[in-house]
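Residue numbering for the sequence shown follows this note's numbering, starting at 57 and increasing by one per position.
For the record, the hints were derived by calculation from the structure and aren't laboratory data. Be aware that one or more of the hints could be misleading.
[Claimed, not checked] Simulated DEER-style distance windows between Cβ atoms: (1) L140 - L85: 18 to 24 Å; (2) L102 - Y123: 27 to 33 Å; (3) K118 - D88: 43 to 49 Å; (4) G74 - L102: 28 to 34 Å; (5) L102 - L169: 18 to 24 Å.
Being a predicted model, the structure only gives us computed values, none of them experimental. From the three backbone atoms N, C-alpha and C, an ideal C-beta is built for every residue, glycine too.
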Amino acid sequence: MTEPRPARSRQRPVKTTGTLPPEGAAPALGRDYALPVRQWPITLVLSVVGAGLAVTWLADFKDGFKYGLLILGTGVLLGAVLRLVLPEVGMLAVRSRFTDVIVLAFLGASIVLLTLVAQPNPWLEIPLLDNIGQLIGRPKR
57 MTEPRPARSR QRPVKTTGTL PPEGAAPALG RDYALPVRQW PITLVLSVVG
107 AGLAVTWLAD FKDGFKYGLL ILGTGVLLGA VLRLVLPEVG MLAVRSRFTD
157 VIVLAFLGAS IVLLTLVAQP NPWLEIPLLD NIGQLIGRPK R
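Taking the hints into account, I'd like the entire structure generated from these sequences.
Here's what the structure looks like:
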């Protein structure tokens, strides 16, 4: 005769064991410091990005929004550099180091480049953009 199998428990596990934190996700400083100080890389990046947003929003001079967006893009690029060079960056680490650096560098460079070519009176002239503009009906300058 066969013995009946014990009923399986349907309780969730107490601790998830299938995922690991990303490399470099430990706090940059020890537990002796307050949380914003322990997480200084993300605090620095968010401070620079916040300053860029404030300049963009509050600028009341010509091309003020461009200065704010340049600060914002530089803050994102700063995050890429910190993730690349520091061994432990705390909450700035989201995925693998390679993925974080590539994504942050792409986003930061895109923000800076788009700011430099923003109309009116772009600070950077790219002839290819004029050619594309002619395709959609914009007159040549």
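Now the hints, each set against the structure:
The hinted range of 18 to 24 Å is satisfied by L140 and L85, whose Cβ atoms lie roughly 19 Å apart. Checked against the hint of 27 to 33 Å, the pair L102 and Y123 fails, with Cβ atoms roughly 19 Å apart. Evaluation of the 43 to 49 Å hint for K118 and D88 yields a pass: the beta carbon distance comes to about 48 Å. Taken as a hint, the range 28 to 34 Å holds for the pair G74 and L102, whose Cβ atoms sit roughly 30 Å apart.
Taking the beta carbon of each, L102 and L169 are about 22 Å apart, inside 18 to 24 Å as hinted.
Comparing the model with each numbered hint stated earlier shows that hint 2 is the single one that does not hold.
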